[in-house]
Every structure is written in C-alpha cells, then in structure tokens.
Amino acid sequence: MNDLWAGLSQAFWLLVTLDADLVEITLRSLRVTLTALAIACAIALPLAAFLAVRRFRMRRATIAVLNALMGLPPVVVGLVVYVFLSRAGPFGVFGLLFTPTAMIIAQVIIVVPLVASVAHQSLRELWSDYHDLLISMNATQFQRIQALLWDGRRALLTAALAGFGRAIGEVGAIMVVGGNIDHATRVLTTAIALETGKGEFAMALGLGFVLIALAIAVNLAIHWLGRTESEGRW
Amino acid sequence: MQMFPLVAKGAQVRRRGKVLVGPVDLTLGGQGASIVIGPNGAGKTTLLKMLHGIVRMNGGSLDWACPLEEAQKRQSFVFQTPVMMRRTVIDNIAYPLRLTGVGRREARTRAADWAARVGLGRILQRQATMLSGGERQKLALARALVREPEVLFLDEPCAALDGRATREIEEILAHAAGSGTRLIMSTHNMGQARRLADEVIFVLGGRIHEFSPAEVFFAGPQTPQGRAFLNGDIVE
Numbered sequence: 001m002n003d004l005w006a007g008l009s010q011a012f013w014l015l016v017t018l019d020a021d022l023v024e025i026t027l028r029s030l031r032v033t034l035t036a037l038a039i040a041c042a043i044a045l046p047l048a049a050f051l052a053v054r055r056f057r058m059r060r061a062t063i064a065v066l067n068a069l070m071g072l073p074p075v076v077v078g079l080v081v082y083v084f085l086s087r088a089g090p091f092g093v094f095g096l097l098f099t100p101t102a103m104i105i106a107q108v109i110i111v112v113p114l115v116a117s118v119a120h121q122s123l124r125e126l127w128s129d130y131h132d133l134l135i136s137m138n139a140t141q142f143q144r145i146q147a148l149l150w151d152g153r154r155a156l157l158t159a160a161l162a163g164f165g166r167a168i169g170e171v172g173a174i175m176v177v178g179g180n181i182d183h184a185t186r187v188l189t190t191a192i193a194l195e196t197g198k199g200e201f202a203m204a205l206g207l208g209f210v211l212i213a214l215a216i217a218v219n220l221a222i223h224w225l226g227r228t229e230s231e232g233r234w
Numbered sequence: 001m002q003m004f005p006l007v008a009k010g011a012q013v014r015r016r017g018k019v020l021v022g023p024v025d026l027t028l029g030g031q032g033a034s035i036v037i038g039p040n041g042a043g044k045t046t047l048l049k050m051l052h053g054i055v056r057m058n059g060g061s062l063d064w065a066c067p068l069e070e071a072q073k074r075q076s077f078v079f080q081t082p083v084m085m086r087r088t089v090i091d092n093i094a095y096p097l098r099l100t101g102v103g104r105r106e107a108r109t110r111a112a113d114w115a116a117r118v119g120l121g122r123i124l125q126r127q128a129t130m131l132s133g134g135e136r137q138k139l140a141l142a143r144a145l146v147r148e149p150e151v152l153f154l155d156e157p158c159a160a161l162d163g164r165a166t167r168e169i170e171e172i173l174a175h176a177a178g179s180g181t182r183l184i185m186s187t188h189n190m191g192q193a194r195r196l197a198d199e200v201i202f203v204l205g206g207r208i209h210e211f212s213p214a215e216v217f218f219a220g221p222q223t224p225q226g227r228a229f230l231n232g233d234i235v236e
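Read top to bottom, the protein sequences are chains A and B.
Per this note's numbering, residue 1 is the first one in the first sequence, and the count goes up by one each step.
Per this note's numbering, residue 1 is the first one in the second sequence, and the count goes up by one each step.
Hints in this document: simulated from the structure, not taken from any laboratory.
Treat the hints loosely; a few may be bogus.
Derived CB-CB ranges, DEER-like [what the hints assert, rightly or not]:
| id | chain 1 | residue 1 | chain 2 | residue 2 | range |
| --- | --- | --- | --- | --- | --- |
| 1 | B | 15 | A | 42 | 35 to 41 Å |
| 2 | B | 59 | A | 60 | 26 to 32 Å |
| 3 | B | 130 | A | 181 | 51 to 57 Å |
| 4 | B | 133 | A | 169 | 42 to 48 Å |
| 5 | B | 59 | A | 125 | 31 to 37 Å |
| 6 | A | 18 | B | 133 | 55 to 61 Å |
| 7 | B | 105 | A | 138 | 21 to 27 Å |
From the structure, some residues in chain B lie toward chain A, with a derived Cβ separation under 7 Å [stated by the list, open to error]:
| id | residue |
| --- | --- |
| 8 | 54 |
| 9 | 72 |
| 10 | 77 |
| 11 | 83 |
| 12 | 85 |
| 13 | 86 |
| 14 | 96 |
| 15 | 99 |
Small disclaimer: the values here were computed from a predicted structure and weren't measured.
Idealized CB from N, CA, C, for every residue including glycine.
With the hints as constraints, model all of the structure from the sequences given.
Laid out in structure tokens, this is it:
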C-alpha cells in the first residue's frame, strides 16, 4: 500500500515539475506509438475493407490467419525483427537496430493484424448493408472500399484505438529491438520494466500512472475529435 | 442508343440446387410501367434483381438492345427496405453522381434539387439513418432518380408505408414515368397496381404465369392462378 501511495505522489511530482526525463520518455512513447499506429492504420484499414468487399479464393483463410495473428507474441515479433535488422540480417545495412525506427517496425507488425481484424468485423456488417446498393450503382471496387472506409469511419476509430492501446502498452518487442537505451530508445513501458528490475517500485508505479493517464487522454482526445457520441452521428 | 427491348430467354436463378426464378421468357418494351405481382415468395424480388443485374443468372440469357455496361449505367433500383448510407440526406442523394465523376458542388446542387422535388428539401443536413420510413423511401427514390435513369426498378417501394406516404411516392413515380422513365416495379398492393400499371407480370413459383396489358389482366386474368390471386384467394 505504501508503494502505491509513494507511486502516486511520485507520479504527481513528476508531472507537476515536468521532469525532463519523464517528458522526454513520454514524448518518445507517443512519437513511436502514434507513428506506428498511423502506418498500421494505413495498411490495415484498406486491407480490412478489401477483405470485406472482395471475394477471392483464399479469403477465408486470410481472415482466419489475420485473426490468429492478433495473438502474435510481441517478444517473438521483436526477435524476428531483431534478426532481420541485426548486422548479419538482410536489412542490417540500414543500421536500424536499437533505434526508434526499429521499435516502430515491430509495433506496426504487432498492431496491423489487430486493427485489420477489428475493422474487418465492422466493415463486414456495413458491407452486408451496402452490398446490393453499391453493386446496383455500379460502384467500382475502389469506390466500394472508399465508401466503406468513409461511412464506417467511427467504427474504424474503435479499431484504431484498440491498436493504440496495444502499441502504447507494448514492452516485449520494443525492449528487444530498441534496447531500452537512455535518451535514445527508452519509452514508458521499458522504463517501467527497468525501474521494477532495480527495485524502484515507486518510480515504476509513477511511470505506470503516467502511462495510464496518457492512454486515457489520447483515447478521450480521439473520441472528442471524432465526436463519436454526438447526437445523430456515428 | 436504345435500351429496349429487354429480352430474357430461359433466364434462371438457382441457389443451392433450388430454382428461385425461371426459366423466364420475357420481352419488355420501352414504354410505361410494368408491375410485377404475385404472392409472398413468388420470386418477384429475385426477378427484379435478375433483370437489373444484381443477381447472377445460372442459365439462359438477358439482353438489352444496347451493350450491358451501357445499360447498367442507365438504370437504378429502389429496394424494399431502403439502404441508408451513413451520411446526410444531401450526401446520400449526391452519392450516385459522385460515383460517375460529377464534381462535389454540382452533385450537391443537383441533389438538393431532387431532395426538394421529393419533399426532403428542409432536412438536407439530417443524418439519413434518422429519417422515418416514408422519408427513407423518398430519399431512396431521389437517390435513384438523381442520375435520371431510363429504367427504374422498384421492389415494393410502399410496402411499409401509410396511405399518405404511399400517395406521395406514387406521385413521384407518376412524375418520373411522365418524364419518360420506364418503371418496372413489384407490389403487393392491388390498388396501386391498378393505378400505376400499363402491363402486369404475374409471378408464381418463380415463373411468369401471365404477362398482359393491365386492362386485360384486371378485366379477367387468363390463368386460374391469376384469377384466384386477383380474387384475393390464397395462391401457392
């Protein structure tokens, strides 16, 4: 209980004093996560719409694999990305290992299946509503995908938020490919893991509270910007 | 290029081994309103969707006088349960125009004009899913008519509407027909069929049992099933 109170007070002071390290780590966490989320959404949302609209031979298998990949173990993703980015790996020449870019790559791989699966569930229902109408209007495949993405945008926000939740709280993969290097690749989750390992529970809890507050703040901000709960909107 | 006649020869729709419609042999000319009647499950909706091209045929042929791609661009369909896109009224009506490359401003201007014509001019910015049943059907009609189709398919457009809304819809349809739009419509409402029909297609068990001018059909159907249906008997 003492640790909890100490954590709360430490979090409070870290925030009030705008601790430089905390600000740096928080901004890096946000930068890595939001960049990864933006890239993941750019891949996953059109993919989800395509899977809803297009009938092809391996469609069911593709959806099943996508759903299965939602449970992808982050540490394994980190390991694979590590192997690919390490000096001996095929992309070693780019020197990306232990950089925020490597962390972004790992997070994109983790988040894409989740966002695509959640988005596909929503878009599939929307497509069942729109199917006859859009075919009747001679909409092209691209126009159908556009219509689904636009009209389903509020449901897609939920998918994006799920992806954000997964990415911001991720530690395994980014620890492996980022290395938790101070002033370089340290983010909130890896900092918490480090402080816990050092026995600095108060600091770890403080960082944890900041992380939770950040996640809630971003969610609220996106909901507010998307006006999801406004009357007469979706 | 002329769209009509529309000629169906042995056209058939099957699903899971069961024949839903057909074989249909039918020649439709380019004038007036063809009303498809028949009991529930007779195949009216599937017949309309087959003629429109949104249900794939499993046999036979269906030929317009012009190339199919051209014909598809010149027809619209109004569904029994109107599909409301998750947009405002004006954006719903403008959508078919946007699909054909019409600019946003012009599409919205034309959409607003059509909304006013069907009585939705005062609720242009309302979300379509918030509309009442009658308003939805009017929106669906405006959305179908905004491209000024030469053929308009309607699947029981007044099925769930009260008398007033039905009258308003019929006025819009009569106006469209007067402007040269060919109507091919299914209905359960015999009164509506009498008011609108130039020719009647009586469907039963997925087959066309009778296809005749409206005055001939309503004066005395040629088939026993047609007579029974017109008398209000249960026909299966």
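To see whether the hints hold, each was checked on the structure:
At about 38 Å, the beta-carbon gap between residue 15 of chain B and residue 42 of chain A stays in the expected band of 35 to 41 Å. Checking the proposed 26 to 32 Å range against residue 59 of chain B and residue 60 of chain A shows it holds: the Cβ atoms sit about 28 Å from each other. Taken as a hint, the range 51 to 57 Å holds for the pair residue 130 of chain B and residue 181 of chain A, whose Cβ atoms sit roughly 54 Å apart. Roughly 46 Å separates the CB atoms of residue 133 of chain B and residue 169 of chain A, a value that falls within the hinted 42 to 48 Å.
Under the hint 31 to 37 Å, the C-beta atoms of residue 59 of chain B and residue 125 of chain A, about 32 Å apart, fit the expected range. Take residue 18 of chain A and residue 133 of chain B: their Cβ atoms lie about 57 Å apart, and the range 55 to 61 Å holds. Here the CB-CB span from residue 105 of chain B to residue 138 of chain A is close to 23 Å, well matched to the stated 21 to 27 Å. Residue-level restraint check for residue 54 of chain B holds (minimum Cβ-Cβ distance to chain A is 5 Å; threshold 7 Å).
Contact between residue 72 of chain B and chain A, as hinted, is supported at the beta carbon level, the nearest pair being about 5 Å apart and thus within 7 Å. The interface hint given for residue 77 of chain B holds, since its Cβ lies 4 Å from the closest Cβ of chain A, which is under the 7 Å cut-off. For residue 83 of chain B, the suggested interface contact is upheld, since its CB lies about 4 Å from the closest CB of chain A, less than 7 Å. With 7 Å as the threshold, the beta carbon of residue 85 of chain B comes within range of chain A, its nearest partner Cβ sitting at about 6 Å, so the hint holds.
Of the supplied interface hints, the one on residue 86 of chain B holds, with its beta-carbon coming within about 4 Å of a beta-carbon of chain A, less than 7 Å. At a threshold of 7 Å, the smallest CB-CB gap from residue 96 of chain B to chain A is about 5 Å, leaving the interface hint in force. A cut of 7 Å between beta carbons decides the hint on residue 99 of chain B: the least distance to chain A is about 6 Å, and the hint holds.
Of the hints listed earlier, there is not a single one the structure fails to meet.
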